[in-house]
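Both chains are sitting in their own frames, so use the hints and assemble them into the complex.
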Amino acid sequence: MSYLDKAALKVVGTRPIRPDGVDKVIGRASFGADMTMPGMLWGKVKRSPHAHARITKIDTSKAEKLNGVLAVVTAADFPNIPNEEAFVGEGPMNFRDLSRNCMARDKALYDGHAVAAVAATSSAIAEEAVDLIEVEYEVLPHVIDVEEAMADGAPLLHDDMFTQGIEPKPEKPSNVAKRITFTKGDIAKGFAEAELVIERKYSTQPVHQAYIEPHACVVSYGSDGQCTVFSSSQGQFMVRAYCAKLLGIDMANIRAIPAEIGGGFGGKTLVYLEPVALALSKKCGRPVKLVMSREEVFRGTGPAAGGVIEVKIGAKKSGRIVAAELVLKYQAGAFAGSPVGPGCMCAFAMYDLDNVHITGYDVVSNRPKVAAYRAPGAPNSSYGVESCVDELARELGIDPLALREMNAARDGTKTPYGPTLVNVGYIPTLEAAKNHEHYKTKLGPNQGRGVASGFWFNIGGESSASVHVNEDGTVAVVEGNPDIGGSRASMAMMAAEVLGIPYEKVRPVVGDTASIGFTFLTGGSRVTFATGMAVTQAAEKVVEQLKSRAAAIWDISPEAVEWKDGKAFPAGSNAGSFEPLSLADIAVKSGRTGGPITAEVSINAQGAGPGFATHICDVEVDRETGHVKILRYTAVQDVGRAIHPSYVEGQMQGGVTQGIGWALNEEYIYDKNGRLDNPGFLDYRVPVASDLPMIETVMVEVPNPRHPFGARGVGEVPIVPPMAAVANAIADAIGTRMRDLPMSPPKIRAALDEQEPPRLAAE
Amino acid sequence: MPRVNYAAPSSVDEAVKALAGASGLAKVLAGGTDLLVQLRSGRIKPDLIVDTKRIPGMIGIRDEGNFFVIGAATPGVMLSSHAGLEHAWPGIVEGADLIGSTQIQGRASLAGNLCNASPAADSVPAVIAARTIVVIAGANGRREAPAEAICTGPGRTSLATGEFIVEFKIPKPKAHQCDAYLRFIPRTEMDIAVVGCGTNVTLDANGVCTDARVVLGAVAPTTVIVEDAAKALIGHKLDDATLAALDKAAQAACKPITDKRGTIEYRTKVAGVLARRTAAIAFERAAAR
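Those protein sequence lines, which keep their order, are chains A and B. Sequential numbering from 1 applies to the first sequence in my numbering. Sequential numbering from 764 applies to the second sequence in my numbering.
Wrong hints could be hidden among the right ones.
[Unchecked claim] In silico BS3-like cross-links for lysine-lysine, where the CA-CA straight-line distance does not exceed 30 angstroms:
id: 1; chain 1: A; residue 1: K434; chain 2: A; residue 2: K317
id: 2; chain 1: B; residue 1: K808; chain 2: A; residue 2: K62
id: 3; chain 1: A; residue 1: K629; chain 2: B; residue 2: K1018
id: 4; chain 1: B; residue 1: K808; chain 2: A; residue 2: K747
id: 5; chain 1: B; residue 1: K816; chain 2: B; residue 2: K932
id: 6; chain 1: B; residue 1: K1011; chain 2: A; residue 2: K747
id: 7; chain 1: A; residue 1: K65; chain 2: A; residue 2: K184
id: 8; chain 1: B; residue 1: K816; chain 2: A; residue 2: K672
id: 9; chain 1: A; residue 1: K440; chain 2: A; residue 2: K317
id: 10; chain 1: A; residue 1: K201; chain 2: A; residue 2: K184
id: 11; chain 1: A; residue 1: K201; chain 2: A; residue 2: K172
id: 12; chain 1: A; residue 1: K283; chain 2: A; residue 2: K317
id: 13; chain 1: A; residue 1: K283; chain 2: A; residue 2: K245
id: 14; chain 1: A; residue 1: K201; chain 2: A; residue 2: K317
id: 15; chain 1: A; residue 1: K567; chain 2: A; residue 2: K541
id: 16; chain 1: A; residue 1: K201; chain 2: A; residue 2: K316
id: 17; chain 1: A; residue 1: K316; chain 2: A; residue 2: K189
id: 18; chain 1: A; residue 1: K672; chain 2: B; residue 2: K1018
id: 19; chain 1: A; residue 1: K201; chain 2: B; residue 2: K1023
id: 20; chain 1: A; residue 1: K672; chain 2: B; residue 2: K808
id: 21; chain 1: A; residue 1: K184; chain 2: A; residue 2: K312
id: 22; chain 1: B; residue 1: K1000; chain 2: B; residue 2: K935
id: 23; chain 1: B; residue 1: K808; chain 2: A; residue 2: K629
id: 24; chain 1: A; residue 1: K747; chain 2: B; residue 2: K1018
id: 25; chain 1: A; residue 1: K414; chain 2: A; residue 2: K312
id: 26; chain 1: A; residue 1: K629; chain 2: A; residue 2: K440
id: 27; chain 1: A; residue 1: K65; chain 2: B; residue 2: K808
id: 28; chain 1: B; residue 1: K932; chain 2: B; residue 2: K994
id: 29; chain 1: A; residue 1: K629; chain 2: B; residue 2: K1011
None of these hints come from the bench; they were simulated from the model.
Just chain B, with the same shape it has in the complex (with noise of 0.2 angstroms):
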């Protein structure tokens, strides 16, 4: 009969030692949405799951000067109910919230959707155009790295053995400066993106762009950071013509699979549209702070 340990540690050195010690396959659980149904469809068959919820900080949103922290298990709801963060990052918060249904939302972390290692998790994309700071505890003690270290390919980290997620650090924005997340699903809700897109600037008090980070989902093995598409609003505003520059430097990055969800020439097509919509309402909302 297949059996499974559970531990609900209540500290990061005891979970870090009961990962470290575990035989066999260990899972770290946050919000468990995509881990309890790995389990239930016996894709995965893990000898141990260790329940990060009770370690104190795992959970919660802290305002730390420069930098909004957020634990790891931090449920989407609170998210999207704290209103500091939803000023901040309104695009963070859209993608955190296009998971699942209410009740998933209930459960569903970064941490977990990180980790899961999707390239369509939707809250990545914007988490990462915002040059987010993950910390990471493991056997040698702390480390961090930038968000887009984390996930190496469909279903693969860079974590070590041991090694889980404890928290988010995401920068608070500058003067102008915002974000926008879009996907797109051929419903309106509980899919999984076909494409998606974050996109963050900072624009002066012109409106010309300074500083862009666009992050599509969806369209490679793992999400990208569109070097071409930050260059081709750097130094714009958003006219036609950048916005042209933009949706062909956002194709010409895609690299996607034909699979039940779409195909690589819709993919690549949409992965355009959306890199312009995400930017235009992220200039538009830049402009207004």
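Only chain A is shown next, with the shape it has when bound in the complex (with noise of 0.2 angstroms):
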């Protein structure tokens, strides 16, 4: 059935409280840390001081002899495993690298990767065996910034690193993992054709994504080889398929339960801990608990990759863009795979471009392996697309909308990597953005105004869910998705509105991996489509019981019910005259009439629509200090259908707020031996509130057709815009265009002091 018709929802487009609110305003709800079980130890990891060695020796002795230490692992303790590229996570994965990250092998290839880990009978016993562990290094040389370990003589992290997508094979090893290329058209016809081309370097700094929650987890190995899994991540069905790949545990031997989750935005689809805490737990045969401290989350976990971006664009003086290039040297960390792929595919999905030819490099370096964050890759190359486009549009005296509107993507539109649109929102965005009457105040002095634009795919997937008529006629729905934008709300209103019952009525969980079926992850701004598609078809599902159920109680055919309000009545006069049976009145006859009502679906759904957005925003520039402030910002998006609008505008302005944070202060800071000099939120400048204004939000609905509500994926997108949007606006302010991020206040001030005097107007 289709729900397409907005006039006639009565729960979805309201803004009812989400079910877990309560608990996690008072401080009941149940996070990865907050678990305990009987007779359960603390673990502890050991990290590496160093940002590349090799490990010669480890010896725990010492440490296995302090009174109170169970156990002591270290990669021996793992399975060697083998070369293997994964699906189970959010971008692409090996399972090799993977359980090298959790537990180094051989090398150490960051400051803060792990080495060891000990469990014992309290935290402090831990942490003084953690000290105890003696590991002999051999410092090797190592390579932070990703041009200089592309460059000939870089330090190599693998020395079976053959650049992939190059023909033939390379002889030598390189930290370049891979080159992916996308061609459209004739590049050099269409710069031929040009009557102004714009060439430009950008770059963008590795940024974190800075949940509040560090990771956590709770382990038990059983001895007879039954394990349990609590922890906080954004799916525990990847939970389970990494740690039993990485240690070699059927998977039917592990229930991973989905803690609460105190924000991951693509950061908790993959695990640190887990492997680590069931590896110890085996060894002891006591359940185990790993807390990872903030200096660890940032020495030891994500973050996104940072990269240059080479853009260059060519277009006639219409403003008409003829062609369009661009070179990605993305930041993988210390294994292969960074999102270097979504980055060149989102690059130019905003345009209906002719001609374009994308390059795009893995690299590796030694900086901990980049994990997910909203909308992986977009952000970056969006960032120089965007800053290019703007420069393109002042060089030509052309409004920024207008021209993005003369070259927008539309219905029809092929990308450059190859699907044609259908059914996008683009241009209503830009054309909401024009007619916002915050594109037309006044800026007074010293201050500027941007605009820019984002794209993003969303993603469906395998998703699985359960709808259960209680015996009073209050419903159950199970879920496979760990709750991070409010989806459990989403998800039970979806439900009362097949059902024609109260939201409040309809309680969501997040099931563990034993009792729901399979569900790919939270990630790709797939929940409320995939997995809110699988809800609406399992109430969907319960409804045709319930129909059949009054007709067994009417004794008429199921054909002749029909189900309205929440209600079974008779399906015109000649169904009988019977008085009207509500799902409460059917749910306790259920015994009577065949059992029990419920409904699982399972399903992979197909079919997610893109997101695009168009973001305002006006700063003021302390010309003396060279502090930004964000004057005024004004998010519009097409969000498909809002079922929840608070928790759509939510996640707009949480993707803006992370945005702004990444545009004008969030980076690492390294000293000459590649550690970590700021791994805390003190000197690892994330926005406080204070820094910003009310993010305005605007959300267009250009209904999605393959979901039955409309419903598009919301939570990526509005991170894509932003760092352009600012750069854009700072560089109207200040007349200086800033083109490596972050623009923190000593690089505006240095910028400023560089100008020339302002030119008399004679010359």
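So, in structure tokens, the structure goes:
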């Protein structure tokens, strides 16, 4: 069934309180570190102090002798996993690399790389024991910067890494894991036709997802081989799959229970602690808790890739873009697998272009392996492209929204990476931005305005959901996605809408791996789309059962029953004359009409609609200190259909906030030895509340017909435009283009100091 | 297993005795907002912690004629809610109020901020600019010292073993005297000063500066009293030439380092900016009274 008629909706589109809200507000919610198990031990990970070092010896004997220590593990306690591509998490990951990321084998590849772990009867003893583990290192030259890592003679992280995507296969190993290209049309012909060519180089820094909850888990490895893993992640099935593979356990022997998750943003789509805790638990036969400190989170997990973005755009004087070329060099961290692929694919996806050539490089260096972060790959490439498009607009004297509209992707546009777009709402976001009062307000001295757009695919995928009618007519919804953005509320709302009952009568839970069918992790902005589709279908199956139960009670044919407003009615006078039966009426009699009323649906959802966004940012620059104040920010986004509008707005505001942090202040500071110098929120500067105005949101609704309610993913595209929007606003304010992130006060002050005195009008 | 002893004496004498008798490292706890973080991170491993908050007089603000006397462990929130102090020295209150968050303000104290001995301490420049005297208790009784004599380098103080600060004596402002404090941080709060500047000026009836102290934070191993900046102000109104001279003097006094919070070049420039801006605020306030 389709519920695309917005006027007919009773629950979807309203703003009820989320079912998990009260527990989270009053501190009762159970996060990763909140769980305890009987006989539980405290674990602690020992980490490399070196950016790049060969591990020549690990002596654990002193730690093992410490009173209270029950287990010590090193890489020797894990199977040596062969090279095998995994498709478990979000983005590419190799099982061998993941295993070695959880516990270094032979070499430590970054400051903070795990080299051993202990389990003890208290956390204090565990900490003491970690210091007693003696690791001998042969320190090797290291490399942090992406272009330095690509250079000839750079220290090599992996001597078996030969750049893929180059024929014939290179003879020498390299830090470039992969080269990829995308081509559409004839780039040389395009540039030959151009009347103006702008060629620029931009760079972004790796940034951490900065979830408030550090990674945490409590696990038990039973003596019969049965394991329980309670952890904070974006996918209990992902946790199960990785633990099974990395430790050689049958999936049936792992029950992965999702904790409440205190933020993930993509950074919890892989494992760090769970396999280590299981190895410790296996060794000592006791449950083990592992919780990271904030310093460990910064040194050992995430971040998003940073990188270099070289953009060349050729256009007619009219503003029509005739050629676009891009080179991306993305940091993968210590192991291959940056999101350079999606970076390439999203870069020009906002535009309808005939001639495009894109090259991407996936580059390893001595930093933590990158993890997914909201629209992985897209913010970097879009920062470059949307800055360059702004430079083009300024050069041509064309309004930047008008220039985008002239070149905008629309239904029928063939993207540079292949697919043809359908049911897309990019142009409506440009129209809404152009007509917004914000875009028309006047600016004062040292103030500037920038706009930028962004694209993200959104995905569907495998989801399961079950709907259980309780004996009193209330309903339980079980689904398999950890709730990171209010998805439980959305699931309950869709079920309530289909069933025709109040939202409060539906209680959603996130099931563990043994209580619901396989569900791909929470990522790719897929949950409301794919799992929402499964919930809707399961609810529809329940409606069919309710109708047939009513038919049985009335002794008429099920086809003669109609379901409306939560009640069964005879479908017309020919069906007979009966008082309507409510869901509760039918539920209470279900034992006598065939047993419990439940339905479970498992699907591989297809047809996720892409998301487009256009943002407007006003800044004021303090020319003496270089400080940038965000004066006003409006985010316009095609959201398909907002199931719960407040949580859609929250996603938009959150993405913008993180994007502003990426733009202005967030960066990793390494010392000359490759050690991270700012592993904490004091000097790794995410925005604080007082840094930002209220982020204004405009939801454009172009329904996605492939979803019963028209939903499309909304969580990722809002982080794509902010960096360019801020950069474009700063350029407007100070007349100098900042091309390297972060645009921190010292850099802006230095740029202002380099400005020549204002030219006289006569010159 | 690491152990730490904790004492909460109820008199100055008991506290002195506890500190003097400690084996190993003894630390004084006022608000604890630095100490507890250092403990948790493992940066310090004291054998004894002496909590001074139960000693009478350690928390509270007394009006003693020519001075405000502020107990060493008085939390920031009590400073900012004290109308008399706020009116007399808005700069001192501004500096203390910038430390941490609302929660931290419930604990963080002037003594802790001073004895933590960070050159970036926000409450210190304006306290020094007001020519504050600190009262120190120790095995040999009490002594007094100017606030600027306490911090001798990052993490180092002039306090002898067993000594701790009991109270701050802040002189009350003269006619046409007032102060201001500004710091620069990349964000708007919850951060550590890249540069801080406290400026305290006294004007005559015509708005000409007769006395001044300009104190910079985070541009040298300790806070810096910029004598040349005071000279640039004294005898002048705050005109463009005076501001330029002040800026130059402030920059010349900087001996910063390049670290994760700022470069030498940037800190030096911003020191000049903040000297000008704090002078402008302090002049305006002083002229208005």
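Verification of the hints:
1. A:K434 x A:K317: Between A:K434 and A:K317 the Cα gap is close to 22 angstroms, so the pair holds against 30 angstroms.
2. B:K808 x A:K62: Cα-Cα ~22 angstroms, so holds.
3. A:K629 x B:K1018: holds, 29 angstroms
4. B:K808 x A:K747: violated, 39 angstroms
5. B:K816 x B:K932: With Cα atoms ~18 angstroms apart, B:K816 and B:K932 stay inside 30 angstroms; holds.
6. B:K1011 x A:K747: holds, 22 angstroms
7. A:K65 x A:K184: At roughly 64 angstroms apart (the allowed maximum being 30 angstroms), A:K184 and A:K65 break the hint.
8. B:K816 x A:K672: Given pair B:K816, A:K672 is violated - Cα atoms ~43 angstroms apart, limit 30 angstroms.
9. A:K440 x A:K317: The given pair, whose Cα atoms are some 25 angstroms apart, holds under the 30 angstroms limit.
10. A:K201 x A:K184: Judged against 30 angstroms, a Cα distance of about 22 angstroms means the pair holds.
11. A:K201 x A:K172: Judged against 30 angstroms, a Cα distance of about 28 angstroms means the pair holds.
12. A:K283 x A:K317: Measuring from Cα to Cα gives roughly 70 angstroms; hence the hint is violated.
13. A:K283 x A:K245: Judged against 30 angstroms, a Cα distance of about 18 angstroms means the pair holds.
14. A:K201 x A:K317: This hinted pair holds, its Cα atoms lying about 22 angstroms apart.
15. A:K567 x A:K541: holds, 15 angstroms
16. A:K201 x A:K316: Given pair A:K201, A:K316 holds - Cα atoms ~21 angstroms apart, limit 30 angstroms.
17. A:K316 x A:K189: holds, 13 angstroms
18. A:K672 x B:K1018: Measuring from Cα to Cα gives roughly 22 angstroms; hence the hint holds.
19. A:K201 x B:K1023: Answer holds: A:K201 to B:K1023 is near 25 angstroms, not above 30 angstroms.
20. A:K672 x B:K808: holds, 28 angstroms
21. A:K184 x A:K312: Given that 30 angstroms is the threshold and the Cα spacing comes to 15 angstroms, the pair holds.
22. B:K1000 x B:K935: Cα-Cα ~23 angstroms, so holds.
23. B:K808 x A:K629: violated, 41 angstroms
24. A:K747 x B:K1018: holds, 20 angstroms
25. A:K414 x A:K312: holds, 20 angstroms
26. A:K629 x A:K440: holds, 20 angstroms
27. A:K65 x B:K808: holds, 23 angstroms
28. B:K932 x B:K994: holds, 25 angstroms
29. A:K629 x B:K1011: holds, 27 angstroms
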